[in-house]
Amino acid sequence: MALLKMKFSQQRRVRLAQGLWLLSWLAVMCGAFIFCLGVYLKIELLRRDEVMEDTDIHAVPNLLMLVGLASIGANWVASRVCQDSLDASRFPRWKVLLLGWYAVAALLCCLLLAVVVLSYALQGRLEESLKVGLRNGIRFYKDTDVPGRCFQKETIDRLQMEFRCCGNNNFKDWFEIQWVSNRYLDFTSQEVKDRIRSNVDGRYLLDGVPFSCCNPASPRPCLQNQLTDSRAHYNYEYQSEELNLYSRGCRQALTDYYMGLMNSTGPGVLSVILIQLSVLLSMRYLQTAVDGAMALESPEGESEGYILEKDVKATYAEVKAKALDLLKFAQVDPASEAAGAEEGEKAAEASAKAATPPPAS
Amino acid sequence: MAVGKITFTKTEREKLAEVLWLLNWISVVTGAILFGLGLFLKIEIQKWQEVMSEQGILYVPHMLITTGLAACGINYLGSKICLDCADTNKFLRWKLVMIPYIVCTFFFTACVLVGALMCYSIRSQLEEALYLGLRNTMRFYKDTDTPGRCYLKKTLDLLQIQFQCCGNTDYRDWFQIQWISSRYLDMTNSAVVDRVRSNVEGKYLMDSVPFSCCSTLSSRPCIQHNLSNPGAHAHYDERSQQLNLWRRGCQQALLDHYTGIMQSIGLTVLLIWLFELLVLTGVRYLQTAMENVIRLGDPESESEGWILENSLAETACYNFSIIKSLGKCYQVDDDPNINVPTAAADQEVPSAQVQVNVTS
Chain A
1 MALLKMKFSQ QRRVRLAQGL WLLSWLAVMC GAFIFCLGVY LKIELLRRDE VMEDTDIHAV
61 PNLLMLVGLA SIGANWVASR VCQDSLDASR FPRWKVLLLG WYAVAALLCC LLLAVVVLSY
121 ALQGRLEESL KVGLRNGIRF YKDTDVPGRC FQKETIDRLQ MEFRCCGNNN FKDWFEIQWV
181 SNRYLDFTSQ EVKDRIRSNV DGRYLLDGVP FSCCNPASPR PCLQNQLTDS RAHYNYEYQS
241 EELNLYSRGC RQALTDYYMG LMNSTGPGVL SVILIQLSVL LSMRYLQTAV DGAMALESPE
301 GESEGYILEK DVKATYAEVK AKALDLLKFA QVDPASEAAG AEEGEKAAEA SAKAATPPPA
361 S
Chain B
362 MAVGKITFTK TEREKLAEVL WLLNWISVVT GAILFGLGLF LKIEIQKWQE VMSEQGILYV
422 PHMLITTGLA ACGINYLGSK ICLDCADTNK FLRWKLVMIP YIVCTFFFTA CVLVGALMCY
482 SIRSQLEEAL YLGLRNTMRF YKDTDTPGRC YLKKTLDLLQ IQFQCCGNTD YRDWFQIQWI
542 SSRYLDMTNS AVVDRVRSNV EGKYLMDSVP FSCCSTLSSR PCIQHNLSNP GAHAHYDERS
602 QQLNLWRRGC QQALLDHYTG IMQSIGLTVL LIWLFELLVL TGVRYLQTAM ENVIRLGDPE
662 SESEGWILEN SLAETACYNF SIIKSLGKCY QVDDDPNINV PTAAADQEVP SAQVQVNVTS
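Those protein sequence lines, which keep their order, are chains A and B.
Here the numbering used here is used: position 349 in the first sequence is 349, and no number is missing along the way.
For the numbering used here, count along the second sequence from 1 and bump the result up by 361.
For reference, chain B alone in the conformation it holds in the complex:
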């Protein structure tokens, strides 16, 4: 019993072919959109790649880029096929290609779905990457004389200014690392030496933050030093403290930024996936209808189209047995003409004895 059987008259088949041709061209455009979205995401991630620890995030935009290009190619081929499918003679040209084409399109559509789901599932990986990346960047903030790290100070300053954030989770993260290079510390000054000695690892830690943490919304000039001691500053009340620096952590700020982008991209890709699924179903119906017309012999007659010839379970068994038999060709052959030595030798001996008795 076929799955999703529909009967098509000749005009309906031609109409279906025309509609599918148009839909395939629209799919080429959506494939280009997919490619564009992947490219956009790649550029956005590369902008702040220095504050992310692993490169693993980039497989999402790469997946989108490849599926976008594949979509353009497959749907262009599909539009050519569908244009020819209205006519039975032209369809014969494509007959052998159709099944592989449909299988390819099915897998490609699955890839689009995977791409969409990846956009939503990447959040936890991104969180981890941002946490580690920001921690390292803050640690290397002072190393403006080390090749490979000399731009991290500028990157982190610009990040904090643009995203209006400070530190990894909080501005207090700056209290735990030495962000002033030893080149700019006067080691002959006793205050400096005391501070360095009081720390276990010999780091110069302060309760102050870089200038890029300063908030523009504050009504007073920025207070960057002696932040643990509000009493050290004149009229530094609770409200001033709230407005003085950016309160959000950069990990949260970047996470929100990228999650927003990826959610909208994921939604668009899901819509594109639904559209591709529609096109795939239409092509399958057209293929089965045309093949049935050829089988019936009369190009003008009605024919049936379906998604699967037998029910889902039977098709699955059939395909599975095909795969099994593909494996069997490397094992023992059960051809009856080949000698099976042990059974045949036993049967032959008694017949020879009978013959000898008769002649003598």
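If we strip away everything but chain A, and leave its shape as in the complex, we get:
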């Protein structure tokens, strides 16, 4: 018994072909959309490349771009098949290709699902990568004279101002590293000498932050130095001061930004999966209906379209048998021969048992 059988008259077949042609062109547009989405995401990730340690998260946009291109190709082929489907002379040449096409379309749907799953699964890796990248950026903030690190100051400053964040987890990260280069320290000053001596590694640590941490929404001019000392500034309470600096850490800010981007593309990707699936199913119906029509004596008559010729279990058994057949060329399988012999005995017993009851009754 066929799976989801439907009858198709000639007119319905024509309608199906036309509808599927339109749908496949829509799917081509969706493929282009997915590709552009991938490109956009990749560009956004590359912009902040300097504060990311590794590129695992790039799998998401790379996959999107690949699927987008493949989807454009596959759906273009589908539209060509539709154009030829109502012409009995041209349709048979596509028959061989269609099985492969189904596999490709199913694979595309699976890959798109994988993208959605990956975008959630890779969040942890992204955070880790940002944590290490930002830590290095903050550590090398002062090294504007070291080649290979001289851009870190500008990068971190622009990042903190654009994403309204300060430090890795929060602004106190700046207290733990020396972010003022020795070149700009006056070593004759007593205050500088004391501070350096009080630190084990001989670093000049401050309870101050760079200017890029300052929050423009604060009602008072920015306080950057001596932040932990409430007496150093008039009318200032360290524990309760909230607006002076940005309270969010840059790792959190960037993670939220990228997760937001990927979540907002989620519904789009899911609807593209639905469109691709409907193209797949419609193509199967069209193929079976047109094949059925070509087999009839009158090609204008009614034919049946279905998804699978037999039901799921029977199809699965058939496919399994075919696969095993292919494997049998390479293997000798005595177990199946013994099972065959046993079955023969059982059949003989059953027939013997069937023979005995009649004399009793």
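In short, the hints are calculated from the structure, not lab data.
Among the hints, erroneous ones may be present.
So the derived label-pair ranges between C-beta atoms look like this [stated by the list, open to error]:
1. V464/B - G260/A: 53 to 59 angstroms
2. L639/B - G19/A: 41 to 47 angstroms
3. L430/B - C110/A: 50 to 56 angstroms
Computed from a predicted structure; not experimentally measured.
We put the beta carbon where it would ideally sit given N, CA and C, even for glycine.
Chain A is already provided as a structure; the job is to place chain B on it using the hints.
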């Protein structure tokens, strides 16, 4: 002698009508573009409206918006008229509307030109508005507790960060105003009191700038205080001083930004004006050609089209006399049938005397 006379055959008239129909539809699109440009300019100006002093700048985008909408309407009507103009019967429907329509389109096209020229001429007004506006904003920078001014600090900080500028003309403008509110000044501290007393108006002036003036391109952490005294900072040489803060003034930065936008908008509007002028000329030719066909009586014949029936001077005199005669209808009427009392009474008296002599 007509201005710009051209002879049109029937097919040429029909072709002209078709072409004008298409051009009118394209003009509807350009009208929409004009509207869009006006809207864009309005939004751009409103973004930084708090640092501009008068609202007078907004009449430029408003002009563009209204002319854009008018363009859509007029050209839509024009496309309908031109579609009908190919056929003499249908043209009769529109005959009375044509002259007012052409006059309206002429004035509307003039408005588009005025709009384009305004975009270029607004620069000096903008400069003045920005100077005054920025001066006031800087003055109210500290007033984050005064309603109506509490957002000026945030606006000015974001402006200086985004446009990479500092102060009105220069970073030294910050030295002349008190940008730290008295709420955050410790009046018991003698240093603070001295500074306030040393100033005539009792303002707390410093040679320092807010954090938003700091440049991200500097290779050293930002120096915001004691800027007049480079020696107070370690290794603060000439090059460090150049890179430390943003050197440009915000007035110049905003002026450049808006002038750039308005110049490109002005160029686009000029191109749209030329296109509208072309459409207007075509419609005028079509109108005169169709009217001449109707006057000649034969729809299949050739007819002439022109821009003006007589030369420019004669048309000007004629229109001027029309306007003059419109004014005259409220003055003395020179109708000969009305009695002019003084001259008639003198003539009548001698004829009566003659009659009396004969009878007696």
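Cross-check of the supplied hints:
no.: 1; hint: V464/B - G260/A: 53 to 59 angstroms; verdict: 56 angstroms, holds
no.: 2; hint: L639/B - G19/A: 41 to 47 angstroms; verdict: 45 angstroms, holds
no.: 3; hint: L430/B - C110/A: 50 to 56 angstroms; verdict: 52 angstroms, holds
Hint compliance for this structure: no hint is broken.
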